[in-house]
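*Asks:* Residues per chain, in single letters:
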Amino acid sequence: MNKARIFFILFILTAWEIMGQSGLIHAGILPPFSDVVKRFGEMLFYEKLIQTTLYSIFMVLLAMGLSVIITVVLIILGRKYKWVGTNIELLHSIVSPLPGIAILPLVILWFGINVEAMLFILVHATLWPMWRQLALAVDRLHKQYNRLETVFHLSKFKRFFHIYVQGSLLDLKSALSVSWSRGWRALISVEMIFGMVGNQTGLGWLIYERRMYMDTEGLYAGLIAIGLCGVFFEALVFTKLKLGRVS
Amino acid sequence: MKPILKIRGLTKSFEEIPVIHNLSLDVFEDEILCIMGPSGVGKSTLLNCIAGITPFESGEIYCDPVLYENVKVPFPFVFQEMDTLLPWKTVRQNVILVTDHMLNDEIDALLDRVDLLKHAHKYPRELSGGMKQRVGIARALACRSKVLLMDEPFGSLDLEMRVKLQDLLMSIQKKFKLSVVFVTHDLNEAERIGNRIIKLA
Amino acid sequence: MKTNNRLSFALIMIVVVLLLLGCSNDTEKETLIIADQFGLAYAPIEIMKNQGFLREALDGAGLSTVTIEWKRLGNTTAIREAMLSEDLDIGFVGIPPFLIGVDNGMDWRIISGISQTPSALIASSKAVDSLEAIDDSTRIIVPQPGSIQHILLSMYAKRMYGDSKKYDHQLVAMSHPDGYTAMRTGASNTLHFTTPPFMQQEMKLENATVLLDGETCFGGPFTFIVGICPERIYDNPKIYTAFKNALEKSIEFIGTYPEDALEVLSESYDYSEADLKAYMDHPQMIYETDVRGLDAFVSFMVEEEILSDSILNSDLYWGSDNE
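Chains as they are written, first to last, in this note's numbering: chain A, 9 to 255; chain B, 507 to 707; chain C, 2 to 324.
Think of the hints as simulated: they come from the structure by calculation, not from any bench. In this text, a Cβ means the ideal position worked out from N, Cα and C, and glycines have one as well. Possibly wrong hints are sitting among the right ones.
Rough simulated footprint, nothing fancy, chain C against chain A, three-plus residues with beta-carbon under 8 Å [as the list claims (entries may be wrong)]:
(1) 19-28
(2) 119-130
(3) 137-145
(4) 195-202
(5) 216-226
A partial selection of chain B residues facing chain A, derived with a Cβ cut-off under 10 Å [what the hints assert, rightly or not]:
(6) ASN554
(7) LYS578
(8) THR590
(9) TRP594
(10) LYS624
One chain only, chain A, in its complex shape:
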């Protein structure tokens, strides 16, 4: 399998290089791969590619952290008060399908153009898939272990920590992976508009700017950076994470 994959990638890159060098396609649309690599190197060592990338990653991770906290609160409240639980379900079904970029005008009206607005959109993107998966997991755990909890008079803390938290770790792992991808995509599209809202600009703004200045090599380099991050986190970090145990 791996051999075929590598060969395929090499083939694509070679085709790209040949197409780019041939001049059949304008360099403003498809520059040769070697030029893109060169530009990537420039941006990496002389311009702020690393800082920009780290900043983008940081924003998504921050939003994910907030989402975990909010998820726990929502689940606890939702189980304690039935009407709260029903309304959260309703909210989820209405709001979850909306891409972050669609609610951007509303968010700007409420928050203005600042970090809070950006985080709000990112939390929206990362919260709902996480809440859904963990709420279902908690539901499942409750059904399975409710009798156990009752019969053995387990304390609130024991129930919370030993059954619900430890029991949902596997679900948390997959929820984190999904949240990350949603958040990363939302971030890039929002950054393209927001420019600099914190102390730094992110990868989204970077590719947007490159495109505006017709720095097509830079645009492709930025896209590669975005793709590499996506792969790194989705396929490696959140999949190989040592969390939870196979049940």
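Starting from the known structure of chain A, arrange chains B and C on it as the hints suggest.
*Replies:* Here is chains B and C on its own, set in the frame of chain A:
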């Protein structure tokens, strides 16, 4: 002999259909009481009512105060299904879960009694059916109650394993002078282990 | 099994190659594709469309088989990219984005000027009464980096502070309508560099202050929008001339028949005639074919290294028309 548990006039219905109707019975110290009857007659429901899992409409359950002395869980339960063991915890951790402040030595002794000391570090998925039920028993014993409720605990095991566990149960009951309420639909089993057999109809 | 794998592999390769080849397309010139953007600066194009001047001109040149396709695109970059992929023949853009395109190898050049337009940098709160009063947390909304609004701001910054990039890290890119929405929140940390009609709409907002106007930044009047096309259009003299004539006719029409123009435009833009009249009566709203200020833009952008030196040797007009 003194009854450790007195049930009077217990009635429980599910959606207006009475499952248990005006049931009265006594459970005595130091005995294995087998409860038998056809499917759906309410054997499991009876255990659930005693354990406090299921609320009932009318009737009373009198417990001897000794049941509550220094005991947090007066009615530990051994379930029929084996999936009430937490899969992300080892045998030892599953037993510790239901206790507070049990010393390591005591836990070791308990696990040894059910012949699981060598497997204390294993996870449920590494255990056979019989071993899993033994964990269930150890867990129930860890509550140090005078009563033990068991709902067809050996029903899904093969004959050989069933006999082994019946012997184990009997030896434990004798040692600790427990009152075991044992639900089964297997007459052979009831006759083998039970001091008394009650048939619900 | 092995043959199946190889077969599908080969199939995928073929598809990939075809896709890459598909990137370049050439079609017989049967359709003329023209794109503008939203705003009063493009009014002559609306008139041209509505009054059928281009159709007339093409027919007159014996080109009645050529169909005209009118498009409206969201921003200048979209126009640039459409032209690159040959999905667009004639477009209308601001001078700075045009120059960036030339500098990066696009073969487009100016056909004619279209309009001068007023522009202003507006603050949404009385707390900010001058550019000096803003701080690092202030956001400046422009349509995109490298837009004429961005360049005008940079020119001002260079003149006042010696640093053209002073405000570069405070930019936010939004279309004019979205920028207007943002301004309505009245947040004290948002500025918007915009043009009619949004300019006038924002000035009506409570607490709005005008900090700067375009002409102050530039140091005089300048052409806001120019009409551009690639060489393949210029090499088709019948089409090129037909367009030029139609454009001149449209601009003339606005000057000679203002009430009729207002009627046509108020329908196209969905504004009331009264509002539209106010916008178009603005002294800086001038429709003309002259191109003003091109050299100043070029020298500034070369000096600030937004453009490379080589542009100084490039021809920016088709033929040798305006000065």
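*Asks:* Of the hints given before, which are not true for this structure?
*Replies:* Failing hints, ascending: 3, 10.
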